[in-house]
Amino acid sequence: MRHPPQRIRHAPLAARWPAAAEAAGSRLFSPLDAGRLQLADRTWVPAMVPWRATEDGVVTPQVLG
Numbered sequence: 038m039r040h041p042p043q044r045i046r047h048a049p050l051a052a053r054w055p056a057a058a059e060a061a062g063s064r065l066f067s068p069l070d071a072g073r074l075q076l077a078d079r080t081w082v083p084a085m086v087p088w089r090a091t092e093d094g095v096v097t098p099q100v101l102g
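In the working numbering, the protein residues as written are 38 to 102.
I should point out that these hints are in silico values taken from the structure, not numbers from a laboratory. Some hints could be false.
Quick list of the computed label-pair ranges, beta carbon to beta carbon [to be verified]:
id, residue 1, residue 2, range
1, Asp78, Pro49, 23 to 31 angstroms
2, Gln43, Gln75, 39 to 47 angstroms
3, Leu101, Leu74, 18 to 26 angstroms
4, Ala52, Thr80, 13 to 21 angstroms
Since the structure is predicted, the reported quantities are computational estimates derived from the model, not experimental observations. Using N, Cα and C, we set each Cβ at its ideal position, and we do this for glycine too.
Take these sequences, add in the hints, and give me the full structure.
So, in structure tokens, the structure goes:
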């Protein structure tokens, strides 16, 4: 995995967790209809991650199977 040569020197912004009702009403986990495409929710994990490919960036048979 790639590591930057130096650490970022900026402090992270303060954040707050959403309330349960706020999270339940989020569109992120709601179904999505786009023409004939229907998705159960709006999130997915892309296959473009370092541990799912060879050193050259080629997809492996284990991912396809």
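Hint check results:
1. Checked against the given bound of 23 to 31 angstroms, the beta carbons of Asp78 and Pro49, roughly 27 angstroms apart, stay inside it.
2. Restraint check, Gln43 to Gln75: a C-beta distance of roughly 45 angstroms satisfies the suggested window 39 to 47 angstroms.
3. Leu101 and Leu74 have their C-beta atoms about 22 angstroms apart, which keeps the hinted 18 to 26 angstroms range intact.
4. Between Ala52 and Thr80 the beta carbon distance is about 19 angstroms. The supplied range of 13 to 21 angstroms therefore holds.
In summary, the structure agrees with every hint in the numbered list given earlier.
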